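S.K.: With the hints as extra help, turn the sequences into a complete structure.
Chains A and B, in that order, are what the protein sequence lines are. Per my numbering, residue 1 is the first one in the first sequence, and the count goes up by one each step. Per my numbering, residue 1 is the first one in the second sequence, and the count goes up by one each step.
In short, the hints are calculated from the structure, not lab data. Just to be clear, a hint being listed does not mean it is correct.
[Stated by the list, open to error] Derived CB-CB ranges, DEER-like:
hint, chain 1, residue 1, chain 2, residue 2, range
1, A, G83, B, L68, 35 to 43 angstroms
2, B, S9, A, K71, 33 to 41 angstroms
3, B, E87, A, N27, 22 to 30 angstroms
4, A, Q3, B, K14, 31 to 39 angstroms
5, A, S69, B, L26, 21 to 29 angstroms
6, B, L76, A, Q3, 28 to 36 angstroms
7, B, V3, A, I109, 25 to 33 angstroms
8, B, T80, A, N7, 44 to 52 angstroms
9, A, D55, B, Q29, 16 to 24 angstroms
[What the hints assert, rightly or not] Looking from chain B toward chain A, a few residues come up when the C-beta cut is under 7 angstroms (computed):
hint, residue
10, L44
11, L46
12, T49
13, G53
14, I93
15, G110
Owing to the predicted nature of the structure, the values given are computational and were not obtained by experimental measurement. Every residue gets a Cβ at the ideal spot worked out from N, C-alpha and C, and that includes glycine.
Residues per chain, in single letters:
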Amino acid sequence: DQQVKQNSPSLSVQEGRISILNCDYTNSMFDYFLWYKKYPAEGPTFLISISSIKDKNEDGRFTVFLNKSAKHLSLHIVPSQPGDSAVYFCAARGGGADGLTFGKGTHLIIQP
Amino acid sequence: GAVVSQHPSWVICKSGTSVKIECRSLDFQATTMFWYRQFPKQSLMLMATSNEGSKATYEQGVEKDKFLINHASLTLSTLTVTSAHPEDSSFYICSARVATGSSYNEQFFGPGTRLTVL
Numbered sequence: 001d002q003q004v005k006q007n008s009p010s011l012s013v014q015e016g017r018i019s020i021l022n023c024d025y026t027n028s029m030f031d032y033f034l035w036y037k038k039y040p041a042e043g044p045t046f047l048i049s050i051s052s053i054k055d056k057n058e059d060g061r062f063t064v065f066l067n068k069s070a071k072h073l074s075l076h077i078v079p080s081q082p083g084d085s086a087v088y089f090c091a092a093r094g095g096g097a098d099g100l101t102f103g104k105g106t107h108l109i110i111q112p
Numbered sequence: 001g002a003v004v005s006q007h008p009s010w011v012i013c014k015s016g017t018s019v020k021i022e023c024r025s026l027d028f029q030a031t032t033m034f035w036y037r038q039f040p041k042q043s044l045m046l047m048a049t050s051n052e053g054s055k056a057t058y059e060q061g062v063e064k065d066k067f068l069i070n071h072a073s074l075t076l077s078t079l080t081v082t083s084a085h086p087e088d089s090s091f092y093i094c095s096a097r098v099a100t101g102s103s104y105n106e107q108f109f110g111p112g113t114r115l116t117v118l
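M.R.: Set out below in structure tokens:
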């Protein structure tokens, strides 16, 4: 049973535009959410996180929004740059587990 | 930022042999390290949580006798895949959590180890 879901396996966005990556979760006990960026054959790199008590966190070009009632979060990247092309994983902490629960990832492709 | 290394980065072994993978936190102390496994086009799946000086906690469905974890110091955790079989072929990634500081939730990931069992 997938507790963290990223329903879009891939997303293509034009350079300079906004990239919006979505994530849904089912476990209401999750208390912290994170986004990671990953290249093939490398470990994930932390991007941005948000506590469940907040609804927005911004860091430079990256903003994460959390809608607890809908159990939904999104990562906005603006403006999108070619170097943003990678697989983005949504992860959640809590729910009885000390480690992170990951989604399957969304492959973001930034087109020039 | 904090750096986590893994060794080896890639290993090929024969079926039935054992393989040890090391995870080191290079510039910080980690009381807790985590081991994940990722199959192609799948998410990272938590295998076990390793606390320094104590036994690892395994996730449901992960055989503790097959995946031996040792966290002997605050900077080193090892995962040994015993009697490896082709179905154990995967990408193994460790992460380390900073021992002190406010960002206790943040985990720093290693580069991963590609295991191929023939």
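S.K.: Does each hint fit the structure? Answer for all of them.
M.R.: Outcome of the hint check:
{"no.": "1", "hint": "G83/A <-> L68/B: 35 to 43 angstroms", "result": "holds, 39 angstroms"}
{"no.": "2", "hint": "S9/B <-> K71/A: 33 to 41 angstroms", "result": "holds, 37 angstroms"}
{"no.": "3", "hint": "E87/B <-> N27/A: 22 to 30 angstroms", "result": "holds, 28 angstroms"}
{"no.": "4", "hint": "Q3/A <-> K14/B: 31 to 39 angstroms", "result": "holds, 36 angstroms"}
{"no.": "5", "hint": "S69/A <-> L26/B: 21 to 29 angstroms", "result": "violated, 42 angstroms"}
{"no.": "6", "hint": "L76/B <-> Q3/A: 28 to 36 angstroms", "result": "holds, 30 angstroms"}
{"no.": "7", "hint": "V3/B <-> I109/A: 25 to 33 angstroms", "result": "holds, 29 angstroms"}
{"no.": "8", "hint": "T80/B <-> N7/A: 44 to 52 angstroms", "result": "violated, 36 angstroms"}
{"no.": "9", "hint": "D55/A <-> Q29/B: 16 to 24 angstroms", "result": "violated, 34 angstroms"}
{"no.": "10", "hint": "L44", "result": "holds, 4 angstroms"}
{"no.": "11", "hint": "L46", "result": "holds, 4 angstroms"}
{"no.": "12", "hint": "T49", "result": "holds, 5 angstroms"}
{"no.": "13", "hint": "G53", "result": "violated, 16 angstroms"}
{"no.": "14", "hint": "I93", "result": "holds, 5 angstroms"}
{"no.": "15", "hint": "G110", "result": "holds, 5 angstroms"}
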